[in-house]
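Chain residues, written in single-letter form:
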Amino acid sequence: MRHTISVLVENKFGVLARIAGLFSARGYNIASLAVSETMDPTISYMTMVVEVKDEDVLEQIKKQLNKLIDVITVTDFTKREHIDRELVLAKINYAAKDKAKLEGIFDKFVGKIIHHKEGTAIIEAVGDTQQIKLLLDELSKFGIIKELVRTGKLAISN
Amino acid sequence: MNGARILLESLKRAGAEVIFGYPGGQVLPIFDQLYDFDIKFILTRHEQGAAHAADGFSRATGKVGVCLATSGPGATNLVTGIANAYMDSIPMVAITGQVGTHLIGNDAFQEADVTGITRPITKHNFLVKDVRDLARTVAEAFYIASSGRPGPVLIDIPVDVQRAETEFIWPERIEIRSYQPTYSGHPGQIKKAAKLISSAKKPIIYAGGGIISSGAHILLRELAEKIQAPVTTTFMGLGSFPGTHKLSLGMLGMHGTAYANHATMESDLIIAIGARFDDRVTGRLDTFAPYAKVIHIDIDPSSISKNVRVDIPIVGDAKNILGPLINQIKKSPDTSAWLKTVEAWKKKHPLTYKHTGKFLKPQYILEQLWDLTKGDAVICTEVGQSQMWACQWYNYLTPRTFISSGGLGTMGFGFPAAIGAKVGRPEKEVFNIAGDGSIQMNIQELATCVANKINVKVLIFNNGFLGMVRQWQELFYKKRYSYTPITSPDYVKLAASYGALGILVTKKSEVRKALEKAIKTDNTVFIDFRIEPEENVWPMVPAGQAINKMIDGLA
Ligand SMILES: Cc1ncc(C[n+]2csc(CCOP(=O)(O)OP(=O)(O)O)c2C)c(N)n1
Ligand SMILES: [Mg+2]
Numbered sequence: 001m002r003h004t005i006s007v008l009v010e011n012k013f014g015v016l017a018r019i020a021g022l023f024s025a026r027g028y029n030i031a032s033l034a035v036s037e038t039m040d041p042t043i044s045y046m047t048m049v050v051e052v053k054d055e056d057v058l059e060q061i062k063k064q065l066n067k068l069i070d071v072i073t074v075t076d077f078t079k080r081e082h083i084d085r086e087l088v089l090a091k092i093n094y095a096a097k098d099k100a101k102l103e104g105i106f107d108k109f110v111g112k113i114i115h116h117k118e119g120t121a122i123i124e125a126v127g128d129t130q131q132i133k134l135l136l137d138e139l140s141k142f143g144i145i146k147e148l149v150r151t152g153k154l155a156i157s158n
Numbered sequence: 001m002n003g004a005r006i007l008l009e010s011l012k013r014a015g016a017e018v019i020f021g022y023p024g025g026q027v028l029p030i031f032d033q034l035y036d037f038d039i040k041f042i043l044t045r046h047e048q049g050a051a052h053a054a055d056g057f058s059r060a061t062g063k064v065g066v067c068l069a070t071s072g073p074g075a076t077n078l079v080t081g082i083a084n085a086y087m088d089s090i091p092m093v094a095i096t097g098q099v100g101t102h103l104i105g106n107d108a109f110q111e112a113d114v115t116g117i118t119r120p121i122t123k124h125n126f127l128v129k130d131v132r133d134l135a136r137t138v139a140e141a142f143y144i145a146s147s148g149r150p151g152p153v154l155i156d157i158p159v160d161v162q163r164a165e166t167e168f169i170w171p172e173r174i175e176i177r178s179y180q181p182t183y184s185g186h187p188g189q190i191k192k193a194a195k196l197i198s199s200a201k202k203p204i205i206y207a208g209g210g211i212i213s214s215g216a217h218i219l220l221r222e223l224a225e226k227i228q229a230p231v232t233t234t235f236m237g238l239g240s241f242p243g244t245h246k247l248s249l250g251m252l253g254m255h256g257t258a259y260a261n262h263a264t265m266e267s268d269l270i271i272a273i274g275a276r277f278d279d280r281v282t283g284r285l286d287t288f289a290p291y292a293k294v295i296h297i298d299i300d301p302s303s304i305s306k307n308v309r310v311d312i313p314i315v316g317d318a319k320n321i322l323g324p325l326i327n328q329i330k331k332s333p334d335t336s337a338w339l340k341t342v343e344a345w346k347k348k349h350p351l352t353y354k355h356t357g358k359f360l361k362p363q364y365i366l367e368q369l370w371d372l373t374k375g376d377a378v379i380c381t382e383v384g385q386s387q388m389w390a391c392q393w394y395n396y397l398t399p400r401t402f403i404s405s406g407g408l409g410t411m412g413f414g415f416p417a418a419i420g421a422k423v424g425r426p427e428k429e430v431f432n433i434a435g436d437g438s439i440q441m442n443i444q445e446l447a448t449c450v451a452n453k454i455n456v457k458v459l460i461f462n463n464g465f466l467g468m469v470r471q472w473q474e475l476f477y478k479k480r481y482s483y484t485p486i487t488s489p490d491y492v493k494l495a496a497s498y499g500a501l502g503i504l505v506t507k508k509s510e511v512r513k514a515l516e517k518a519i520k521t522d523n524t525v526f527i528d529f530r531i532e533p534e535e536n537v538w539p540m541v542p543a544g545q546a547i548n549k550m551i552d553g554l555a
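Order-wise, the sequence lines are chains A and B. Heads up: the first sequence at position 10 corresponds to 10 in our numbering, and the numbers run straight through without jumps. Heads up: the second sequence at position 96 corresponds to 96 in our numbering, and the numbers run straight through without jumps.
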């Protein structure tokens, strides 16, 4: 099961290493991790998606995170209303003849071309997990994706 | 004031009484200040000794132990000692020198990424890059080490920070927004626990080291007597409940008493206080205490429901929870039938040993030590069979009288820890129960004892083996004693060459006299007891078995 949690931490050097170390030492899996400064520059915000086999492990992860001195709060979005998004950049093979087909996809799904040159285009897509998945499935059908980078999920409660 | 001076002033303000340490290039400014600074400094002969001594000091006194080492090899030599304190939740502050800030990351001479290395074995650590942060960092380090679930904190200080000048400002209050341990238990949970206790028929109290760090031993006794529940302690909990009390079952688990294990397995309610259901206690988890509901009181939320599913968790300091809990128990359960059953187990499966063969029996030595001291001593141990016998064959009456490496099981801990304990409790007789293997791991600290007149009494249970490993080889590896026979120096001569007293004991009739002589001698004493080479620790639960499936080679 995947769960999204966010962690507010002191914005100090070594904090990321503490969190990464905790996960590796205890054998927890991080599926994705996004980190950045908040409005308050002394605080960083992390959104992480963790892969766990049951709720007990999730509980342990939250408790262990809370135990780190530099962790201010841990929020579990599993049972909490929230909005989440992920940004994806994809480099694809792009020929003029594909234009209509791609526009058809973008009409139905998230995503747009933000750059292109010499048979290559870069697509940007922002969406929730499902939207991104649908888009990538669709693009994959054409076998045109050359490179893909994604931010991992960001989440905020609503 | 320079950083080095600020460090020492801060340590003093934080309440440090003694520093155990060793000098080197990147702590020269600190040592220069120590030269005429009014704080006790004990020069060990190895940084590992300094870390364990600080740890032993802390265990004996309840205060924060402090150790100090230079960068690189000095710092890495502290690592085992820090990990040891971490596993047993011992408050300690370790200070290391570091190469100058401009050299960090350059693989400079004697550089090691000590904050990186110690991240998973400290409660928290700091690299101080600006001298203006130093005093506050020391204050925070002491606060973090000693509050909540205690643990070691490391402060890494680059040498240029030690030299840099600034004004000394000691923060009178420490507030860390991201660190707010819970101290008082939830009243609703306490009420629920009280109700469950009232309705129990076969309750057992399972007390751990948390009782000792919390200082809740008096309340523990009150609770046990009020509800007439038998008390078993973990290894770390020895001393939290008087071993001679009629409700005491001694230690449970792998080498616990049979009656503690049976009582735990048959109980209908486990009241766990400051203990963490470690695998040496529970044995095979899915068979553990099948009929029991569990109340778990602990200051560390992550200890609760980690291994064993808990019915009523109460997060907080045992000292703050037990009082209200005792008051809330309106009706004490009727445990008379249960206590009879427990008593029958005690009669049927007592700890025993046989006087056979020509060698000394380790159990006999401990019985004699008990007889001479009656619990009024600090007993430190190394690791192995001798350690387990020390758990079984001596009664600990009060907290902080049993000092031993639990979670990490560090051979070489006992001797330097005894030094720390003696420095902290000079009025107490301090013994180190040592195996012949373990004592050779930090034997250099004999020099520290003699040079500083720290008189500890080392009782070497010399079986010529790494006995605990040999026992496993005997039982599970067809007696193939692969590299477990071990030689020793002549301990009498060795002690003498350091200026201590050595005594060799080979006969039962000499045991008592030797112990008396050791106690009377105003010096460090090594007694080389030649014990039965292949004596085993019984009873024993083989790893991964249910804890009532004990084997006992005596039957
Ligand atoms: C530093 C360290 N290395 C290895 C071990 C593994 N180990 C556990 S007990 C033991 C034997 C200890 O022998 P000794 O000190 O003679 O005590 P005995 O069991 O014979 O009483 C060993 C090697 C350990 N616990 N610690
Ligand atoms: Mg031995």
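Source of the hints: derived by calculation from the structure; they are not laboratory data. Note that the structure is predicted; figures quoted are calculated from it, not measured. Among these hints, one or two may not hold up.
[Stated by the list, open to error] According to the in silico footprint, chain A covers these stretches of chain B (three or more CB under 8 Å from chain A):
(1) 117 to 125
(2) 171 to 178
(3) 181 to 195
Just so it is clear, CB atoms sit at the ideal spot from N, CA and C, and this is done for glycine as well.
So, going through the hints one by one against the coordinates:
Here the stretch 117 to 125 of chain B counts 4 residues with a CB under 8 Å from a CB of chain A, which clears the bar of 3, and the coverage holds. Residue count for the stretch 171 to 178 of chain B with a Cβ under 8 Å from a Cβ of chain A: 3. That meets the three needed, and the coverage hint holds. With 0 residues bearing a CB less than 8 Å from a CB of chain A, the stretch 181 to 195 of chain B misses the requirement of three and the coverage assertion fails.
In summary, the one numbered hint that this structure violates is 3.
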